[in-house]
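Protein chains: 2
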Amino acid sequence: MTSTIDLNMVNAYIPGQADVGAETAATISRRDRLLGPAYRLMYERPLHIVKGEGAWLIDSEGRRFLDIYNNVTSLGHCHPRVVEAICRQVATLATNTRYLHDTILELAERLLATVPETELAHLMLTCTGSEANDLAYRMAKVRTGETGIIVTETAYHGFTDAVSQFSPSLGVSVDLGAHVRLVPAPSAYHADGADLADRFTRDVEAAIADLKRHGIKPAMLIVDTVFTSDGVLPGPSGFLAGAVAAIHKAGGLFVADEVQPGFGRTGEHMWGFQRHRLTPDIVTMGKPMGNGQPIAGLLVTNDAVARFGRDSRYFNTFAGNTVSCAAAVAVLDTIEQEKLIAHAATIGDQLRDGIAALADRHEAIGDVRGVGMFVGVELVSNRETREPDRATTSRVVNILRDKGILLSACAKGHNVLKIRPPLVLSSEQVDMVVQGIDEALAEAMSAGAD
Amino acid sequence: MTSTIDLNMVNAYIPGQADVGAETAATISRRDRLLGPAYRLMYERPLHIVKGEGAWLIDSEGRRFLDIYNNVTSLGHCHPRVVEAICRQVATLATNTRYLHDTILELAERLLATVPETELAHLMLTCTGSEANDLAYRMAKVRTGETGIIVTETAYHGFTDAVSQFSPSLGVSVDLGAHVRLVPAPSAYHADGADLADRFTRDVEAAIADLKRHGIKPAMLIVDTVFTSDGVLPGPSGFLAGAVAAIHKAGGLFVADEVQPGFGRTGEHMWGFQRHRLTPDIVTMGKPMGNGQPIAGLLVTNDAVARFGRDSRYFNTFAGNTVSCAAAVAVLDTIEQEKLIAHAATIGDQLRDGIAALADRHEAIGDVRGVGMFVGVELVSNRETREPDRATTSRVVNILRDKGILLSACAKGHNVLKIRPPLVLSSEQVDMVVQGIDEALAEAMSAGAD
Numbered sequence: 001m002t003s004t005i006d007l008n009m010v011n012a013y014i015p016g017q018a019d020v021g022a023e024t025a026a027t028i029s030r031r032d033r034l035l036g037p038a039y040r041l042m043y044e045r046p047l048h049i050v051k052g053e054g055a056w057l058i059d060s061e062g063r064r065f066l067d068i069y070n071n072v073t074s075l076g077h078c079h080p081r082v083v084e085a086i087c088r089q090v091a092t093l094a095t096n097t098r099y100l101h102d103t104i105l106e107l108a109e110r111l112l113a114t115v116p117e118t119e120l121a122h123l124m125l126t127c128t129g130s131e132a133n134d135l136a137y138r139m140a141k142v143r144t145g146e147t148g149i150i151v152t153e154t155a156y157h158g159f160t161d162a163v164s165q166f167s168p169s170l171g172v173s174v175d176l177g178a179h180v181r182l183v184p185a186p187s188a189y190h191a192d193g194a195d196l197a198d199r200f201t202r203d204v205e206a207a208i209a210d211l212k213r214h215g216i217k218p219a220m221l222i223v224d225t226v227f228t229s230d231g232v233l234p235g236p237s238g239f240l241a242g243a244v245a246a247i248h249k250a251g252g253l254f255v256a257d258e259v260q261p262g263f264g265r266t267g268e269h270m271w272g273f274q275r276h277r278l279t280p281d282i283v284t285m286g287k288p289m290g291n292g293q294p295i296a297g298l299l300v301t302n303d304a305v306a307r308f309g310r311d312s313r314y315f316n317t318f319a320g321n322t323v324s325c326a327a328a329v330a331v332l333d334t335i336e337q338e339k340l341i342a343h344a345a346t347i348g349d350q351l352r353d354g355i356a357a358l359a360d361r362h363e364a365i366g367d368v369r370g371v372g373m374f375v376g377v378e379l380v381s382n383r384e385t386r387e388p389d390r391a392t393t394s395r396v397v398n399i400l401r402d403k404g405i406l407l408s409a410c411a412k413g414h415n416v417l418k419i420r421p422p423l424v425l426s427s428e429q430v431d432m433v434v435q436g437i438d439e440a441l442a443e444a445m446s447a448g449a450d
Numbered sequence: 001m002t003s004t005i006d007l008n009m010v011n012a013y014i015p016g017q018a019d020v021g022a023e024t025a026a027t028i029s030r031r032d033r034l035l036g037p038a039y040r041l042m043y044e045r046p047l048h049i050v051k052g053e054g055a056w057l058i059d060s061e062g063r064r065f066l067d068i069y070n071n072v073t074s075l076g077h078c079h080p081r082v083v084e085a086i087c088r089q090v091a092t093l094a095t096n097t098r099y100l101h102d103t104i105l106e107l108a109e110r111l112l113a114t115v116p117e118t119e120l121a122h123l124m125l126t127c128t129g130s131e132a133n134d135l136a137y138r139m140a141k142v143r144t145g146e147t148g149i150i151v152t153e154t155a156y157h158g159f160t161d162a163v164s165q166f167s168p169s170l171g172v173s174v175d176l177g178a179h180v181r182l183v184p185a186p187s188a189y190h191a192d193g194a195d196l197a198d199r200f201t202r203d204v205e206a207a208i209a210d211l212k213r214h215g216i217k218p219a220m221l222i223v224d225t226v227f228t229s230d231g232v233l234p235g236p237s238g239f240l241a242g243a244v245a246a247i248h249k250a251g252g253l254f255v256a257d258e259v260q261p262g263f264g265r266t267g268e269h270m271w272g273f274q275r276h277r278l279t280p281d282i283v284t285m286g287k288p289m290g291n292g293q294p295i296a297g298l299l300v301t302n303d304a305v306a307r308f309g310r311d312s313r314y315f316n317t318f319a320g321n322t323v324s325c326a327a328a329v330a331v332l333d334t335i336e337q338e339k340l341i342a343h344a345a346t347i348g349d350q351l352r353d354g355i356a357a358l359a360d361r362h363e364a365i366g367d368v369r370g371v372g373m374f375v376g377v378e379l380v381s382n383r384e385t386r387e388p389d390r391a392t393t394s395r396v397v398n399i400l401r402d403k404g405i406l407l408s409a410c411a412k413g414h415n416v417l418k419i420r421p422p423l424v425l426s427s428e429q430v431d432m433v434v435q436g437i438d439e440a441l442a443e444a445m446s447a448g449a450d
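Chains as they are written, first to last, in the numbering used here: chain A, 1 to 450; chain B, 1 to 450.
One chain only, chain A, in its complex shape (with noise of 0.2 angstroms):
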């Protein structure tokens, strides 16, 4: 068993920390040596899911827990219409881009229709949300002929080989490339009452010399418009066109990573740099796209793809196939008819109006924040100074994980309650959720002091 602790991970399961059970420890103790040290775990106590529905997992004891947490089944968990589109494409035709089909065109057609105010012109297709990025990267070097990049200083932004090195949150032992910079996260909380859109624009700026006096321009500034792992900060609409222009200013293309706000979790738009009113060169999609399904893209402007198309052909073997692009039309066809947007939009609402409300009487609670279904809780040790208060945090998380609801943290200071639950989420489910975290305060509280 590895016995690593991870001081980089938020909410993973570190060995030893807690008694998670016999049948557990020996599940744990076979997949370590199955997988080996890479891979983790979520919460002090692991869970054994075995089954989906809507809103809740199901574990191998049939305990039930409500997934708050999860953005990728976002239409909840073995939605039947996807379901159905998926079955019944498998059973047709599973087959790649090279040969002409129908549904790769409709969904194509049915993404870029999201987006008719914009220049955004084509559709790519990818597995993963990774793989969006990094081709986005690579497209960006071609357009520029620069290597530079940007992003915020707690940034998620994929795995591969050229994202991890502009993706901070994966923690010190992960190099950044040289030619990366990071700024500060827009965080309205810590701004101490500073004009977030002059401020985020004036560290880009800076960035942008930065890299330049090292000899290196900008290819692109890259950021994930609710800015999730920094904290879930969506911040007040527009505040991003300044730092937009200074990347075009420079030359580099702006690439909206719509991996997390994408599809509708905003409550405004599809997508969330709709809410600043500008066109990114590049919008990457992922997680929701095919509610569980791998598939991932990016749509892009004429301009951002159209050296890259003519000198570097794009394929990649399962992205674009058949069943993912099904199951991808059946996610659009369900946030249209279920009306899923303006839902995120009501709920949303309630629920961040009910966190906030808990704030008199929990002193940990320094912020409520997020929009739509995406809803940011920063934990403080004290509202003066704002201090993060990691521990709480990560007691909260596991209480709540006890209590059968599954959340998770974010932010440099690890000490944001991260929740994305799926779009389904129903006004009494919002209710088990509120009254969860003010039972999970008091007790994480109660427990700190002893």
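You can take every hint at face value.
Quick list of in silico lysine to any residue cross-link-like pairs, SDA-like style, CA-CA up to 20 angstroms:
1) B/LYS403 - A/TYR99
2) B/LYS212 - B/ALA245
3) A/LYS51 - B/ALA91
4) B/LYS217 - A/ASP175
5) A/LYS51 - B/THR92
6) A/LYS412 - B/SER312
7) A/LYS403 - A/GLY54
8) A/LYS403 - B/TYR99
9) A/LYS51 - B/TYR99
10) A/LYS51 - B/ARG88
11) B/LYS217 - A/ASP161
12) A/LYS51 - B/CYS87
13) B/LYS51 - A/ARG88
Pulled from the structure, derived: some chain B residues nowhere near chain A, Cβ distances all over 10 angstroms:
14) GLY54
15) TYR189
16) GLY193
17) ARG199
18) GLY215
19) GLU336
20) LYS339
21) ALA342
22) SER394
No lab work stands behind these hints: they were computed from the structure.
In this text, a Cβ means the ideal position worked out from N, Cα and C, and glycines have one as well.
Assemble the complex: chain A is given as a structure, and chain B must be docked to it using the hints.
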């Protein structure tokens, strides 16, 4: 519509070269508009496929094509066992590796049982072969502290930013890394009687020396163990041992890229490297692993992964998901229960012998080679000089397509027919293929003589 003429990609559709008919032209035009300029189609007249069954693909007009090019759906299109496994699992649970789940452990046990004689100890999962090779390189860098890479001159290992830099078959417009060295493909046909093992070993040693002369030490030698894109060059059993010893002596890892030869295609073993009685430090796999479902992965020694595992946790949202793992287990079941490795040997021999017999009446056939269900047919304009005949090869591929048989070409000279049928190909289907190639060669030569 793109007007690119792709000189780098073998068997690419080139707009305007042939009359494709109004309906296909309209679909291609719609596709170019929606997917942009980086996508390519195959054949002079691209196929619009709507259904697959067994070894057959069926187009939108109901025409049936014998698919002997598809080593993804290696059990045949829409194999009922895999369809059933996917449909059962997708309706039950589709989730990730941060929870405990039994199927991924079963998959790991089954795959590790295929290499009992080696030190390969752990399975890691990705979604694509490119991701597997990208992760192999990340681990090789961490393990060795070095960056150098040696590959063959027309190798293809994938499309990520890092992997495209060591995939010379992508063409001259995609830059190789400064840390990458190419060695000649180990072709017995072009060896002029030289010892293939000695020559390949010396070439790898020279590449190591050249890297060192430039201040770079090798992290890895990576080869497709049947050298697919180099022209299908399985070579004599054991000939790789010297090159592997050389890279180990220089401190680098040996990575066996089994994306093409893996899962029994060689008709001898589960993996291509097993022909050579050696243990890779890392084995990468992909294409046929889920019979079309996106899943790929790596087998790694404890030594190769230990430090990476400690410092750089690995998580990939979709990789190792329960549905893809269920598909992969069904693939292993099917290979075993339908005795497909033995079948690949028998039918592969029949296929190779049948094509080899055609050499008596077709001067263009310079060499017929392969192992199991992987056959390369090298076409030359002169048997003495062994001059590659790219034009005839292209004609043969497209004539066969018109006859209802799908294959493609490969190698530096674009002059090797690449034949990799589903492992379930029948003896009667082999007869169809041999007869088709016979007729196509006759037509191609008569057209070429016009």
